[in-house]
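The whole structure should be built from the sequences, with the hints applied where relevant.
4 protein chains.
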Amino acid sequence: MPEVAFEVDVDAPPDDQPGANPFNRWHPDIPAVVEADPGDTMRLEALDWTGGQIRDNDDANEVRDVDLSQVHYLAGPVEVNGAEPGDLLKVEFLDMGPLNDRAEFGFTGTFSQQNGGGFLTDHFPNAAKSIWDLDGYTVSSRHVPDVRYEGKIHPGLAGCAPSQELLEEWNERERELMERHAEDPDSIQNHPTGEAEPPVANPPTTEGALMGEMDPDEAEEAAEEAARTVPPREHGGNHDIKDLSIGSTVYFPVYVDGAKFALGDFHASQGDGEITFCGAIEMAAYVDVKFDLVEDGMEKLGVDHPIFEPGHRGPTFEDYVTFCGYSVTEDGEQRYLDSHTAYRRASLQAIDYLKQFGYTGQQALHILGTVPVEGRQSGVVDVPNACSTLALPKGAFEFDVSPETLGSDKDRGDVVVTDDPLG
Amino acid sequence: MPEVAFEVDVDAPPDDQPGANPFNRWHPDIPAVVEADPGDTMRLEALDWTGGQIRDNDDANEVRDVDLSQVHYLAGPVEVNGAEPGDLLKVEFLDMGPLNDRAEFGFTGTFSQQNGGGFLTDHFPNAAKSIWDLDGYTVSSRHVPDVRYEGKIHPGLAGCAPSQELLEEWNERERELMERHAEDPDSIQNHPTGEAEPPVANPPTTEGALMGEMDPDEAEEAAEEAARTVPPREHGGNHDIKDLSIGSTVYFPVYVDGAKFALGDFHASQGDGEITFCGAIEMAAYVDVKFDLVEDGMEKLGVDHPIFEPGHRGPTFEDYVTFCGYSVTEDGEQRYLDSHTAYRRASLQAIDYLKQFGYTGQQALHILGTVPVEGRQSGVVDVPNACSTLALPKGAFEFDVSPETLGSDKDRGDVVVTDDPLG
Amino acid sequence: MPEVAFEVDVDAPPDDQPGANPFNRWHPDIPAVVEADPGDTMRLEALDWTGGQIRDNDDANEVRDVDLSQVHYLAGPVEVNGAEPGDLLKVEFLDMGPLNDRAEFGFTGTFSQQNGGGFLTDHFPNAAKSIWDLDGYTVSSRHVPDVRYEGKIHPGLAGCAPSQELLEEWNERERELMERHAEDPDSIQNHPTGEAEPPVANPPTTEGALMGEMDPDEAEEAAEEAARTVPPREHGGNHDIKDLSIGSTVYFPVYVDGAKFALGDFHASQGDGEITFCGAIEMAAYVDVKFDLVEDGMEKLGVDHPIFEPGHRGPTFEDYVTFCGYSVTEDGEQRYLDSHTAYRRASLQAIDYLKQFGYTGQQALHILGTVPVEGRQSGVVDVPNACSTLALPKGAFEFDVSPETLGSDKDRGDVVVTDDPLG
Amino acid sequence: MPEVAFEVDVDAPPDDQPGANPFNRWHPDIPAVVEADPGDTMRLEALDWTGGQIRDNDDANEVRDVDLSQVHYLAGPVEVNGAEPGDLLKVEFLDMGPLNDRAEFGFTGTFSQQNGGGFLTDHFPNAAKSIWDLDGYTVSSRHVPDVRYEGKIHPGLAGCAPSQELLEEWNERERELMERHAEDPDSIQNHPTGEAEPPVANPPTTEGALMGEMDPDEAEEAAEEAARTVPPREHGGNHDIKDLSIGSTVYFPVYVDGAKFALGDFHASQGDGEITFCGAIEMAAYVDVKFDLVEDGMEKLGVDHPIFEPGHRGPTFEDYVTFCGYSVTEDGEQRYLDSHTAYRRASLQAIDYLKQFGYTGQQALHILGTVPVEGRQSGVVDVPNACSTLALPKGAFEFDVSPETLGSDKDRGDVVVTDDPLG
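Protein chains in written order, with the working numbering: chain C, 15 to 437; chain V, 15 to 437; chain X, 15 to 437; chain H, 15 to 437.
A hint or two may mislead.
When chains are identical, the list treats them as one kind, so a pair holds in a single copy or across two.
No farther apart than 30 Å at their CA atoms in a straight line, the calculated lysine-lysine pairs in the DSSO-like style are these [unchecked claim]:
1) K369 / K408
2) K304 / K369
3) K408 / K304
4) K408 / K424
5) K304 / K314
6) K314 / K104
7) K314 / K424
8) K314 / K369
To be clear, the hints were calculated from the coordinates, so they are not data collected in a lab.
Put into structure tokens, the structure is as follows:
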């Protein structure tokens, strides 16, 4: 086992850890707390993305009331000696797994429309929760019976620190989006409307900011401009790519000397899109990483976003039921080549299908969020309809979920749903 | 070999075929020309989607000047005895292949921004063409050297006839989109702007309409309301799903008595999204289909779009280089959870990457349109950025396209590009 | 479609074909009837291995009485210009398929112990037959219900002509084996004993010899020493490798000027080992091949047997039930690291297992011979027991064949079995 | 993490562990040291199969001089409450991995012909050793450069205790084999000949016997008849099946009340056949197992050997170079349907091939023993030649090992080989 270079204690408060504390903002000046040479291998541990707010119980109010200002709790930054802007930082994910003897479960949540929302929040406005058992890599849930499969573990979030210039670019463009929305909500496609609607972006805030080992005076100032960790951006970040599992190699753009790499937000398994938002099987975990550098890699390879080579450790599935969606909203409004809407419709088709097999809609939503479904951009040019497909692996179910069976009327219980949506 | 129930002659004009003529509009009243019982297996042949307008030569003007009013040339309609609205028509694709002794090549085109446009038309405004050899299922192109792979053949277009009611719904919602665009072009996300911009939708037109065996008098009237075949819709249609290859089983919603199933627009291979628009390897082909019915299947399975179970005949790839994109436009504009833009950016990353290996941008575009790349809806909830990924299979190349190689300066020629964009 | 360079007529006698006749012996002097340059692509057609002796009916006596002196009916020889001894002939299998409009079925047979025998002939001494429908690549049989799968088509037999020297080496070593057996039957491991036992090898014979376009006078003399086509040898030959399907590339050693390549004995699908002997789904078929040469390839690559790179066209299976066998005979005799016996035992385990699902033993045998089971040399060093495994793909069955189901008592009929074993 | 029910200390002597000691014989009376109910999940740890005799250094004499009387060191027995003879014990392998912080390497050895021997001992009579680094599941070796891959971890050995009756059957048949060999060495096929030849079987011996928690007086007596753990037998045992990796479910026959299940001999990776004998990447490891029972499963499923369903966690490979072998010995002797010899020849072809890429023969041997090569029983009926194939995954190499490259003259060093074969 490689040396544990960043260690967490799931029983301690997330902001009062025995060693270096996790941090939760992107800023070039957050000091590195781990040092690595090219060629080094080390273990990094990370808390779950809520820092322990969701526990193994049957209380969905924990999801409804989750404090989203502090997320995520990242491991790092790691300074890689010799890394310079323009390089690519090569990161091999040699192994990952649960912090077994310290945190033995995962959770999936539907956020309340009043707090977080999500892809299908207008269909599922109330918070809900399911708890998942981790048997090695095999996952199952008392809240979603008859589903049991080998998960595809991965970090939802990983990337290098932005430069000051890049950070300002992020802030500027996201502020501009919020302004557009404030001026004319209808100008923002794909956003649910209504009083409790989730924000279109999360601007910098000092509230809940954890700036790592930064000097407290500087930290306050930096937090005022530091980027939130919710969205993925061109450095990677919270991209929630389910395929970054064991054996993958990622090349991350470097923007500051030493790269200042960090990661976190592990998922025992996730479907493409992470459509439940808090939607993968969220967990605390470790990862063994090996670092290397590609000097001037961004120019040499012509990229300014991460690229990666997926591993070969599966799980592999062969048999799928696949659903189609096009860019027409549920209300019948025709959108122009809108892949987001197309994937929504494919997801809703899959949910309605699963309801014919005895699941509730919320259960079906949690299935799509956790099972490694393949969400594909199948067609993007046939005006006006984009076509997205969602492929559901049959092997994740302990019964035959094929169309030939014409469904099943077995009662399969439910996830835990909040009855009082306002908390 | 099953009986050829719909035969084409690639050397005859597309609208003057020896047997029943192909048709190119969706309308409930177009008469069936083939009859099938549940359980029947038959062979259907189809012209390429342009009806032979693009030939095996080095002239890209054929693509620039293509007549888009007549596309596509569909085989059918097939009346399946006993099919009723609400049923699902089960269609097994037992085999497909080129009309070998009659049409032995495929083509890929970049449409002119003045005629068709496409996903990246503002980056590649000029028409271009590449010709592909079909060696069995193995494809290669003199215009894109050092790429050679086993393709994933499939019909780009398949579905049952709409009911009159569904047809009107289509027409209404697409007209509404065109009106919105006419009033305020900026309200339509993802649409390129400029004088020569492609239309946001294609309304019914009698021009170029082929109404099959319909009585000429009725045909003219029907054509005025018949839906164009360009977009996919909830019946399937032109969904361009690369995974519908040999061995797949599709369940199509039935809207009219007898189902009136049709298909066409075959591709020797395609990448997810078909980003070149005329973008797969377009070809004339045959398919052997087996029909069956699931009575009341739409209600029993809770679906009103096609669902399918993919086959197992590959080709399978294991090694990929994967590119990421987020919903920020190339100009730096922040979009809200816009998967279309995210996939554009991932595609552009891949194109820039391939340029480091000696390809031109147009060649790279044709590679992404034809190689079975996996385009994934990786993240759709992390506001404001959707994340899409594009996974390029290394096995499609005859050299090592891995990041480790740091590119190659080999000259790899070019596709044929129009020098005069206006024709 | 490439030019048909070797054509067959399944309705004509196998030795009186319209063009060049198939041949059935290996000899350096059989003249080439097709010529190819390196880089050429062509179509070759071949009769089924019995030349049409087994027909689509319910008469198993055709298998019992099959004339084995004439098999197999090979397409070729093909002279590849420039090929010299020591080269490797590179052959790409671009496409294959049934001669659809001329022969639309396949067959599987259990040979009689009196005529041919086979791997499990002491368990299944009577001849039996099953007829298989070919729906594209999907196969099924009225004699083996509830089994339906996409097959893995391949030529059972392919290779270049031996040199005179190699031919003599073959004859010498096989004669020596027969002599050993004649002197002391017990010295020959793995051979069934009894009066009707099949021969341990098939020596040259002029009976039934088809020497292609050889001068009749020379042919008679050559047939006296020409090698039979039953066994595979270091040139390839009848190696019955199920993985040589569409998209594969094989490098065959060249022993004579021009290589004189030939192939035949196509199978719509086969399990590893072809344990029924006449055991794959036997069929007439075509193959599109592309030839190339690797000069001095045998020395450069250090090989003197064929090597190959399998294609990627599947079918792929993910879910298996796997059976184990060790080198102890059914009678309890301990053998020393005997993989043949180990695979026998694994096969018998699988047969007994399938009998719990309603199949007869003969049906189970035909399933193992035709479904692409994986037969593995799992352990070969743990004295005294070799371990072989047989992995049965669940996806080949239309019901759940998992252990969890504990079998099924459904009556599934039977293959056609000869009642009078002597004919 | 499940409770550790059997714990080992790799720094303590293998027969003086802190808790229950490993055992190394099969006997029904060895007492269970772990108890489980059906449905229970637990972690079992095991020493490497030599109990620490081979260390991470460059001394191959450790392999030459290894004491084979004590192997293997098994974890267990586990008594599963309610298990009765005739049941099947269902064992799910939920997770496995190295004892990371306690043993961080693996080893591969070629046994000396004087001590252990092996599949190709007449070609490689001298002992040799390679040491492998375990980076998570990714393995590499300073002794075999340019090979690096994700391994397929598995226990080489697992099974339930035999009944007294079954034990006697084993002893009887293996004794009979030794007697046959003593009387007439030539009657034993596949055995190397010469003064230093390894034994054909290993009879019971009290020397080195570890009888677990058995009373010392009874243990001595039991050891005189207890079966050695070297060979696999119908209970499973040392079957060395590389496919029993994470996610697999095995059904083991039960012969005694409580089943008395045990396992050990973990491999970080192995090729089919484990042709180096000490040939996989040998390691100490843990496994998380879940137990369940199928009452009367042997009769219900018609099996009396283990059956299993492989997991889906890969690694998966798509591109192979495959080698063929037939049942003719290297000396040109024709064998009758001898799959062992066929696999030998395929292995030797692969070794000669790898030598063209700069490896020594011993390195090539270690590659075939450790990389998950697929060893197939391709043909077993075409008298007199069986055909076996060995498929080498290209993805295990850090360079292109395709035939197209025509080899490489790079110097790749060597494994450590003993210079004095006698010690």
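These are the hints, each one checked on the structure:
1. K369 / K408: both (15 Å within a copy, 26 Å between copies)
2. K304 / K369: between (44 Å within a copy, 29 Å between copies)
3. K408 / K304: Intra 34 Å, inter 23 Å, cutoff 30 Å: inter-copy only.
4. K408 / K424: Answer is both; intra-copy 17 Å and inter-copy 25 Å each pass.
5. K304 / K314: Close inside one copy (22 Å), not across copies (37 Å); limit 30 Å.
6. K314 / K104: Result: close within a single copy only, 14 Å intra versus 36 Å inter.
7. K314 / K424: Between copies, since 14 Å is at most 30 Å while 57 Å is not.
8. K314 / K369: So K314 and K369 pass the 30 Å test across copies only (10 Å; inside, 50 Å).
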